[in-house]
Structure formats: structure tokens, C-alpha cells
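**Student:** The opening residue of the sequence shown carries number 1 in my numbering; numbering runs sequentially from there.
In short, the hints are calculated from the structure, not lab data. It is possible that some hints are incorrect.
Label-pair restraints from in silico Cβ distances [unchecked claim]: (1) G84 x A29: 30 to 38 angstroms; (2) T2 x A23: 30 to 38 angstroms; (3) N47 x E24: 32 to 40 angstroms; (4) I82 x S26: 33 to 41 angstroms; (5) F53 x E24: 30 to 38 angstroms; (6) D98 x T2: 29 to 37 angstroms; (7) R39 x R86: 18 to 26 angstroms; (8) S26 x N85: 18 to 26 angstroms; (9) F62 x R12: 13 to 21 angstroms; (10) R12 x G84: 17 to 25 angstroms; (11) E9 x G84: 14 to 22 angstroms.
Bear in mind that the values here come from a model prediction, so they are computed numbers and not experimental data. Even glycine gets a Cβ: it sits at the ideal position worked out from N, Cα and C.
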Amino acid sequence: MTHEIEYTERARLHLLETIDWIAERSPDAAERWAESLFRAIEGLRKNPERFGFDRENGRHDFEIRRLLFGKRRGQYRILFTINGNRVIILDVRHSLQDWLEPGELDS
1 MTHEIEYTER ARLHLLETID WIAERSPDAA ERWAESLFRA IEGLRKNPER
51 FGFDRENGRH DFEIRRLLFG KRRGQYRILF TINGNRVIIL DVRHSLQDWL
101 EPGELDS
């Protein structure tokens with residue numbers, strides 16, 4: 001089954017903030033980063049269940065899986081949930097960021 005990809009407002013906002021932050025340092029790097037990230041997210045269309053649960057799973061009322069993107073200090077967690085044939089991107093977070101507060105993804 002091919003899944004549709006949807007983004008929450010929170011995910012869109014954090015994604016744009018991250019691209020802007022990278023672009024302040026290197027516009028070319030930001031473009032490459034964004035292209036690579038969107039390709040990785042598009043890969044969730046097929047068999048998103050192959051990605052494991054995030055450390056945030058169990059702290060919310062729904063499953064939270066993660067796609068790890070990047071390496072070392074530049075690694076991001078793409079948090080998502082699967083609802084029927086939809087993959088919903090919940091947030092884009094740097095791997096070193098603190099845990100989410102309970103209910104933070106519900107809003």
C-alpha cells in the first residue's frame with residue numbers, strides 16, 4: 001500500500017525554522033539538506049512500519065515512530081504516526097533536543 005504524507009502545522013514550522021537556520025550559515029547547504037530530507041520523507045510512502053518507535057512513544061495517546069535523518073551532531077528525528085493510509089509528520093526535532101512534554105504533540 002502507498003501512503004499519503006501529511007504534515008502538522010508544528011512539523012511545518014519546525015522544518016522551516018531548521019531550513020532558515022541552516023540557510024543563515026550556508027544557503028547551498030540548506031537547499032541540499034532540504035532536498036535530502038524531503039526525499040527521505042517521501043520514502044515513508046512505502047512500508048513506513050519498517051521504522052521503529054521513537055523514545056517518545058508511550059508518552060502520548062498514539063504511536064510515534066521516527067525516521068533518523070543526518071549524521072552525528074546534525075542528526076534529526078522525523079517523528080510520525082501512521083493512521084490508515086496516511087503518514088502524518090508530527091515534528092522535526094534535532095536529536096539532542098529535550099523530550100517533548102506530555103500533550104505537546106496533541107495541539
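**Student:** State for each hint whether it applies.
**Tutor:** Now the hints, each set against the structure:
1. G84 x A29: 30 to 38 angstroms: holds, 36 angstroms
2. T2 x A23: 30 to 38 angstroms: holds, 32 angstroms
3. N47 x E24: 32 to 40 angstroms: holds, 36 angstroms
4. I82 x S26: 33 to 41 angstroms: Because 34 angstroms falls inside the window, the suggested range holds.
5. F53 x E24: 30 to 38 angstroms: holds, 33 angstroms
6. D98 x T2: 29 to 37 angstroms: holds, 34 angstroms
7. R39 x R86: 18 to 26 angstroms: With Cβ atoms ~19 angstroms apart, the hint holds.
8. S26 x N85: 18 to 26 angstroms: Given range 18 to 26 angstroms: violated, Cβ gap about 37 angstroms.
9. F62 x R12: 13 to 21 angstroms: holds, 19 angstroms
10. R12 x G84: 17 to 25 angstroms: For G84 against R12, whose Cβ atoms are near 21 angstroms apart, the range 17 to 25 angstroms holds.
11. E9 x G84: 14 to 22 angstroms: holds, 20 angstroms
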